[in-house]
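Novice: Quick mapping for you: the protein sequence lines, in order, are chains Z and R.
Mapping to the numbering used here: the first sequence position 51 is 51, numbers consecutive.
Mapping to the numbering used here: the second sequence position 215 is 215, numbers consecutive.
No lab work stands behind these hints: they were computed from the structure.
Just so we're clear, the structure is a prediction, and the values are computed from it rather than from any experiment.
There's no promise every hint is true.
Restricting the straight-line Cα-Cα distance to at most 16 Å, the calculated cross-link-like pairs of lysine to aspartate or glutamate (EDC-like) are [unchecked claim]: (1) 67(R) with 48(Z); (2) 35(Z) with 42(R); (3) 61(R) with 42(R); (4) 61(Z) with 42(R); (5) 35(Z) with 71(R); (6) 77(Z) with 27(R).
What follows is a list of derived Cβ distance ranges for each label pair [unchecked claim]: (7) 42(R) with 25(Z): 19 to 25 Å; (8) 74(Z) with 96(R): 51 to 57 Å; (9) 89(Z) with 159(R): 55 to 61 Å; (10) 89(Z) with 42(R): 33 to 39 Å; (11) 89(Z) with 299(R): 53 to 59 Å; (12) 38(Z) with 6(R): 32 to 38 Å.
Facing chain Z, according to a computed beta carbon distance under 7 Å, are these residues of chain R, among others [what the hints assert, rightly or not]: (13) 5; (14) 32; (15) 34; (16) 35; (17) 36; (18) 57; (19) 59; (20) 61; (21) 68.
All C-beta atoms, glycine included, are put in the ideal place defined by N, C-alpha and C.
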Amino acid sequence: MVKESNESELLKGTLDMLILKCLVAGPRHGYGVAKWIQSTTGGKLTIEEGSLYPALHRMLKHGWLSAEWGLSESNRKAKYYKLTRTGRAQLKQKVGSWESMVIAIGTVLNANVSKVAP
Amino acid sequence: MNLEYLLKGLKRYLSSPWTSAEDVSNEEVRQELGFHLMSSAEDLHESGMSIEDAQSEAYHKFGDLKKVLRECGEIGSSGQQLWHRVHLFITAGLVVCVATLFTAQLQTNLAPPEKRLSMATGFSFEETHGDVFGNVSDPAGEAISNANVIAVVKTWPEGGYRQQSYMTTTGVDGSFRIDNVYSPDHNYEVQVSVVAEGRLLTSRYIEMASGILDRFAFKLRPTNLFEIRFEDEKGEPLEHVAAFPSARTDQAGNRHQVYFMGSAPIVLQSDERGTIPITQFTQGERVEITVRFPNEEDWQVRNFIVPDDNRVVVMNPTAL
Numbered sequence: 001m002v003k004e005s006n007e008s009e010l011l012k013g014t015l016d017m018l019i020l021k022c023l024v025a026g027p028r029h030g031y032g033v034a035k036w037i038q039s040t041t042g043g044k045l046t047i048e049e050g051s052l053y054p055a056l057h058r059m060l061k062h063g064w065l066s067a068e069w070g071l072s073e074s075n076r077k078a079k080y081y082k083l084t085r086t087g088r089a090q091l092k093q094k095v096g097s098w099e100s101m102v103i104a105i106g107t108v109l110n111a112n113v114s115k116v117a118p
Numbered sequence: 001m002n003l004e005y006l007l008k009g010l011k012r013y014l015s016s017p018w019t020s021a022e023d024v025s026n027e028e029v030r031q032e033l034g035f036h037l038m039s040s041a042e043d044l045h046e047s048g049m050s051i052e053d054a055q056s057e058a059y060h061k062f063g064d065l066k067k068v069l070r071e072c073g074e075i076g077s078s079g080q081q082l083w084h085r086v087h088l089f090i091t092a093g094l095v096v097c098v099a100t101l102f103t104a105q106l107q108t109n110l111a112p113p114e115k116r117l118s119m120a121t122g123f124s125f126e127e128t129h130g131d132v133f134g135n136v137s138d139p140a141g142e143a144i145s146n147a148n149v150i151a152v153v154k155t156w157p158e159g160g161y162r163q164q165s166y167m168t169t170t171g172v173d174g175s176f177r178i179d180n181v182y183s184p185d186h187n188y189e190v191q192v193s194v195v196a197e198g199r200l201l202t203s204r205y206i207e208m209a210s211g212i213l214d215r216f217a218f219k220l221r222p223t224n225l226f227e228i229r230f231e232d233e234k235g236e237p238l239e240h241v242a243a244f245p246s247a248r249t250d251q252a253g254n255r256h257q258v259y260f261m262g263s264a265p266i267v268l269q270s271d272e273r274g275t276i277p278i279t280q281f282t283q284g285e286r287v288e289i290t291v292r293f294p295n296e297e298d299w300q301v302r303n304f305i306v307p308d309d310n311r312v313v314v315m316n317p318t319a320l
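All chains should be built: construct the whole structure from the sequences, respecting the hints.
Specialist: So this is what it looks like as C-alpha cells:
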C-alpha cells in the first residue's frame, strides 16, 4: 500500500486518520485527497493512490464519511467525500491513540539502556 | 454498518433486481477511478510529460487497478448482499408457508367428507350433528314469531376450545332450529338467549352436557316500554349511540343474558332525540345494557334499576 520514503514509514491503520484529517477542511474527491497528502507532507509521504479508494469506501460504509457526485474543477463528474459527525469523532479518537503511541515509543527510545539485575 | 448506507443499498437493490449487485456498484467505482486517472494524467502532462508518459505514470502511481476495483466492489456490494439474503430468506419462508398450507388443505380435501373437521366445533362434520331447537311463546302458550334467538355453543375438541355464536328467528309458530352445532358424543355447553319486542329478555345456560339436547321452551312475559336517553355533558341529545340489552336479573335471582359474541343482530342506535326504546326489561329489575358512544371504539356495560314509573333513564358518556 505505501511506498517507503527515505525519511518516514507509515504505520498500519494510519491511512484512515490521514484521509479523515484531509477532509476536515471540506469535501474532496479521491484524487484531491491524494494530492493533499502529497503536498502537505512535502513529498515525504507518498501513498499508492489506489489504496485510498477501498479506505474511502470502507469509511463511507461505516458512516464516517458521506459522499455525493458533483462536478470537478475541470467540469468532470467526480465523487466528493465529506466528513460526518461520526467521522469527526473517529478522527479525534485516532489522533489521541496516535499521540499516545508516539509518546510511548518516544519514551522507549529515550530510555537509558542498562543491565538489568537477574 | 451505517443505517444510511444500508438504506441506500436497499434502494439500489430494489431498483435493479435483474442486475447483479456487483455490476451496479462497480460501474460507479469505475467512473470514480476513471476520473482519478484522467486528472492525474492531465496534471502530469501539464508538468511537462508527453501524453503517453503521463498516462503511463498515472497508472503507475495508482497501483493495481484491478485489485482496487475488486476491493471497492466487494465493499460496495456487501450492503446489497445483505438485502439479497434477506429477500431470499423471506422468499424461502413464504414458499415453506404456502407449501405447508397447500399440503394441509390437500389432506383435508382428500379426507372423506364426513371426516373433515368443522371449524365451528373442531370435531368432524360427521360427529357434529347436534341441534339446538325449541319454541318461544307467551305465558298462555301463544306462539311468538320473529323473536331473535341467539345460541352460543362451546366445545372442547382435542387440545383446544371453540366458541361459536348462531342466530335465528322464530317462525310463525314460534319454533326455531339451529342444526349441527355440537357433537353429542363429546362435552359441550350452550347458552340460548331470546330477545323479542315487548318481551322479557330470557336465556338458559346448559352446562357441561353431552348427548342430544332437549327442546328449549321459552315462555316470555310481557314488559313495559321505557326509553334510554343519551346526552352529552351539556345535556344535548346524542345521536348514533349503539346499545343493546345485555342482561337482567329476575326476582328469583336468576341471571338472563346475551353474550356479546352474537349480539350484532340486536344492536340499536339512538335517534335524533338521543333515545333508544328498550322493551326487554321490566320495572324494578336490575339490568345491564352494553353501550358504545360515538367516536369511541370500546363498548361499556351500564347497570341500572328500571324505574317503576316509566321515567326515561338518562345516560352520558362520563357517568358510570
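Novice: Please verify that hint: residue 32(R), Cβ, nearest Cβ of chain Z, below 7 Å or not.
Specialist: Constraint on residue 32(R) satisfied, holds at 5 Å.
Novice: Range hint 55 to 61 Å: satisfied by the CB atoms of residue 89(Z) and residue 159(R)?
Specialist: About 57 Å separates the Cβ atoms of residue 89(Z) and residue 159(R), which means 55 to 61 Å holds.
Novice: Can you confirm whether the C-alpha distance between residue 67(R) and residue 48(Z) stays at or below 16 Å?
Specialist: holds, 12 Å
Novice: Are residue 61(R) and chain Z close enough, Cβ to Cβ, to be under 7 Å, as the hint says?
Specialist: holds, 5 Å
Novice: For residue 35(Z) and residue 71(R), compute the direct alpha-carbon distance and say whether it is at most 16 Å.
Specialist: Between residue 35(Z) and residue 71(R) the Cα gap is close to 22 Å, so the pair fails against 16 Å, i.e. violated.
Novice: Does residue 77(Z) pair with residue 27(R) here, judged by a C-alpha cut-off of 16 Å?
Specialist: holds, 13 Å
Novice: Can residue 57(R) be said to touch chain Z, with a Cβ gap under 7 Å?
Specialist: Constraint on residue 57(R) not satisfied, violated at 11 Å.
Novice: Holds or violated: the hint that residue 34(R) contacts chain Z, with Cβ atoms closer than 7 Å.
Specialist: violated, 9 Å
Novice: Residue 59(R) was flagged as interface toward chain Z. Is the shortest Cβ-Cβ separation under 7 Å?
Specialist: violated, 10 Å
Novice: Against chain Z, run the beta carbon of residue 35(R) and see if the smallest gap drops under 7 Å.
Specialist: holds, 5 Å
Novice: Given the hinted pair residue 61(Z) and residue 42(R), is their Cα-Cα distance within 16 Å?
Specialist: Measuring from Cα to Cα gives roughly 30 Å; hence the hint is violated.
Novice: Given the hinted pair residue 61(R) and residue 42(R), is their Cα-Cα distance within 16 Å?
Specialist: Roughly 13 Å between the alpha carbons, so the hint for residue 61(R) and residue 42(R) holds.
The structure fails to meet hints 4, 5, 15, 18, 19 from the earlier list, while all remaining hints are met.
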